[in-house]
Amino acid sequence: MHEMALAEGMLEIVEDAARKNAAARVRTVWLELGALSHVEPHALRFCFDAVTRGGVADGATLEIVTTPGRAWCMPCGEQVALARLGDACPHCGSYQVEVVAGEDMRVREIAIA
Amino acid sequence: MCTTCGCGQGDIRIDGVPAGADTPHAHDHVHADGTVHTHTHDHTGAHAHDDGSAGAGGGHWHRHGDGAWHSHVRVGGSAHVHAGATVAGGAFGAVHAAGMPPERIVQIERDILAKNDAFAARNRQLLADRGIFALNLVSSPGSGKTTLLVKTIEALRGRIAVAVVEGDQQTSLDADRIRATGAAAVQVNTGKGCHLDAQMVGQALASLALEDDSLLLIENVGNLVCPAAFDLGEAHKVVVLSVTEGDDKPLKYPDMFHAADLMIVNKVDLAPYVQFDVDRAIEYARRVRPGLEAIPLSATTGEGFDRWLAWLERGTGDAGTKRDASVAALRRRVAEPEAQLVAQSSAAPSAPATPVRPA
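Line by line, the protein sequences give chains Y and P. Under numbering that gives the first Met the number 0, residues 0 to 112 are what the first sequence spells out, in order. Under numbering that gives the first Met the number 0, residues 0 to 358 are what the second sequence spells out, in order.
Among the hints, a few may not be true.
To be verified - Derived lysine to aspartate or glutamate pairs resembling EDC-like cross-links, with alpha carbons at most 16 angstroms apart:
no., chain 1, residue 1, chain 2, residue 2
1, P, Lys321, P, Asp128
2, Y, Lys19, P, Glu108
3, P, Lys114, Y, Asp15
Note that these hints are calculated values from the structure, not bench results. Because the structure is a prediction, the values reported are computed rather than measured.
Input sequences plus hints: build the corresponding full structure.
Right, dumping it as structure tokens:
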């Protein structure tokens, strides 16, 4: 359940930004999650609700924006979409694909009041 | 996940069916230029609507044809009307203001692993400065990591000094086994934690008597999922898969194999007795990590061990060479201004050491 550690990381970033901006409440947190990142959104939501309780982000809505996975297909010599690790190139069927995007886990912005 | 906008509940699937797929949710979007698009997605706890139809507050994210994302609040009915609001100021710009309650948006753009990664960078620097080759060994419980470490330490005795960080939820049994070989070892108990993080390893390193130009083996908590996300400052993650597990594990747990730079296929002496195809396991691992190096071996019989030891010696040698190169570069950087100072002082030998005040 490493999502708990990730949620704590998020909370630290959010509370830090809330403090710097003298926020009374954090209403929404926008999180970018790559489709190929090491996190299960459902578990992360559960943990986010748990770690935010009683703090400035208590009750905040977690908005998860999933960014697509991209990979460089060596036989095709171009970037292709990759839905999951272990998938083949959707064009040529090769597994010689190097992930180039979709692994990010980033707090992008927060809405504060 | 909604294939149009990407929102949704991730990849939890029950018998191959996305969880929550029985509650599809459709939207029409009417854009300022009159175009309409519709998308559907599963909706358990997904985005919230202003009218309270699913949770409180918040806007609605979707992606436009140009790939840009934005958020806006539903204004009634099933249609979303963009009141001439086009995306400005980047993917996450502008449109928040339209119809949102009085609140401020603060841009953050920080990786949620930033803190761990900062500790990892510190560990990596410490290790690089001392020419230490560090490996993060990851696997399921019971793959034979500790036996592999014990045999490795014994085989390298007199050639390379080895220190070990042992991660387990409880007990110091593994560190005790390592110390019995004479190697330095420290046990990290993660309690309820399922992985080592870089801060724990940093603390462990501070209590270990590390030798320069040595090998550091970090045995992570037995868990094929969570440790994949956490950089500890190691040179490489080494994933250990034993033949008593399934040869399809690289496909079932792709994150860990994707994160690894070397796969050890352990317990190959037992291969005749189990349904495990070593070549297939390696092929599957290379689907998620193209070019992954693989070493089949048996820590018990020593089969395949020479290749593993050669790999370790090469890595340790390279770590020492890199450290020597950076020390030499640092010396050159220091030597240059020193030489200039010497040249200046010899050019003006009679200059007074301290400025003379006018009388």
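Consistency of the hints with the structure:
1. P/Lys321 / P/Asp128: Given that 16 angstroms is the threshold and the Cα spacing comes to 9 angstroms, the pair holds.
2. Y/Lys19 / P/Glu108: 15 angstroms, holds
3. P/Lys114 / Y/Asp15: Holds - the C-alpha atoms of Y/Asp15 and P/Lys114 are around 12 angstroms apart, at most 16 angstroms.
Figure legend: structure checked against the earlier numbered hints; every hint is met.
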